[in-house]
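Novice: Going line by line, the protein sequences match chains A and B.
Positions in the first sequence are counted from 1; adding 37 to them yields my numbering.
Positions in the second sequence are counted from 1; adding 37 to them yields my numbering.
Keep in mind the hints are simulated off the structure, nothing from the lab.
You may find that some hints are simply not true.
Copies of the same chain look alike in the list, so a pair counts if it works inside one copy or between any two.
[Unchecked claim] Derived DSSO-like pairs (lysine-lysine); straight-line CA-CA distance at most 30 Å:
| no. | residue 1 | residue 2 |
| --- | --- | --- |
| 1 | K100 | K129 |
| 2 | K129 | K203 |
| 3 | K203 | K100 |
Given the structure is predicted, the values throughout are model-derived calculations rather than measurements.
2 protein chains.
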Amino acid sequence: MNNKYSFIGGQQGTWQVIDVRGVWGASLERVERVNVVNEAVATLPIRSSWVLQSFTSNMRYAKRDELNTLQAIQPGLNRSEAISAVLIPIKKSAQWWEMAQDERRAIFEEESHHTAVGLEYLPGVARRLFHCRDLGEPFDFLTWFEFAPEHTQAFDQLLVRMQASKEWEYVEREVEVRLERI
Amino acid sequence: MNNKYSFIGGQQGTWQVIDVRGVWGASLERVERVNVVNEAVATLPIRSSWVLQSFTSNMRYAKRDELNTLQAIQPGLNRSEAISAVLIPIKKSAQWWEMAQDERRAIFEEESHHTAVGLEYLPGVARRLFHCRDLGEPFDFLTWFEFAPEHTQAFDQLLVRMQASKEWEYVEREVEVRLERI
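Isolated chain A (complex conformation):
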């Protein structure tokens, strides 16, 4: 199984860019399209402005009961009705990464209810997490959300709730890339 994924911002791919917005810190350059490929792309392809490399990995915080609930109701990507997507690259502070596992878990779930809040928006808003900090990338994570247009308002509410959480006090850079499948 190849766990490597690259998100290429340029003129190619099936995802048309609706908006690029810097939420915290520097934004990414506005591009026409985003191409998502299941491979490592180490050098910037021609006619593209940026490439974000990442990998999928094992669960880092979820406990067994949370994982069972997630696996029971989370939909796959590429549902025909899910033509809206949002890519959210995030970088957390050094302080976050210096914390021990129990400290990060306590902020992530017991204080911020990260998994529990996300569950409320399933199966409408599908979500997939990609890791990039360990690759020395500018962001720590890329989260990909996919939903039918009628769930846009629910998705926006989910974002506001996450951004108001204790966990987000450790977010030092965040970009929102709104997309529509062509």
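For this one, chain A is given, so just place chain B on it according to the hints.
Specialist: This is chain B only, laid out in the frame that chain A set:
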């Protein structure tokens, strides 16, 4: 900070190979020396037999009290008296990686006392963990141990205790590379 490390098995480097032994599953080819470099080495250098790529990362299981104890007594690498080293590449089973965080933590510490047992051998046996599973490498982790020759017996005992633990039931490949600094 560059968190990338490669271990090159060949004819170069400051670490002379004393022994290479497959503990579980396929071994690695016996080489003369191991060269440890603080960079990604994607292609096999000439006159070398293997290269293992890895990265250092944040703590995955340690709680705050364990981390405090570790940080208080763990020595750095490259102590002048620590001329013995052992490189232990390990691969864990798919079953391990499909477990939730609380299930892995319970086996790692509450059942196998991974951190607690390692602490008993500090500061004599220094230890550093490198991750490689997320890079699509043949091993999941590389652990590097460094100690003065008089701690060899203590190190051997540490190994036996870890290999007898519940956690090791999930290890499906393990190689032991014994080294001596030239």
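Novice: As a check of your reading, is K100 near K129 (CA-CA no more than 30 Å) within one copy, between copies, both or neither?
Specialist: Result: close both inside a copy and across copies, 22 Å intra and 20 Å inter.
Novice: Cα distance capped at 30 Å. Does K203 pair with K100 within a copy, between copies, both, or neither?
Specialist: both (20 Å within a copy, 20 Å between copies)
Novice: First find the shortest C-alpha distance between K129 and K203 inside one copy, then the shortest across copies, and answer within, between, both or neither for a cut-off of 30 Å.
Specialist: Within one copy only: 12 Å inside a chain, 34 Å across chains, cut-off 30 Å.
Going through the hint list in order, the structure satisfies each hint without exception.
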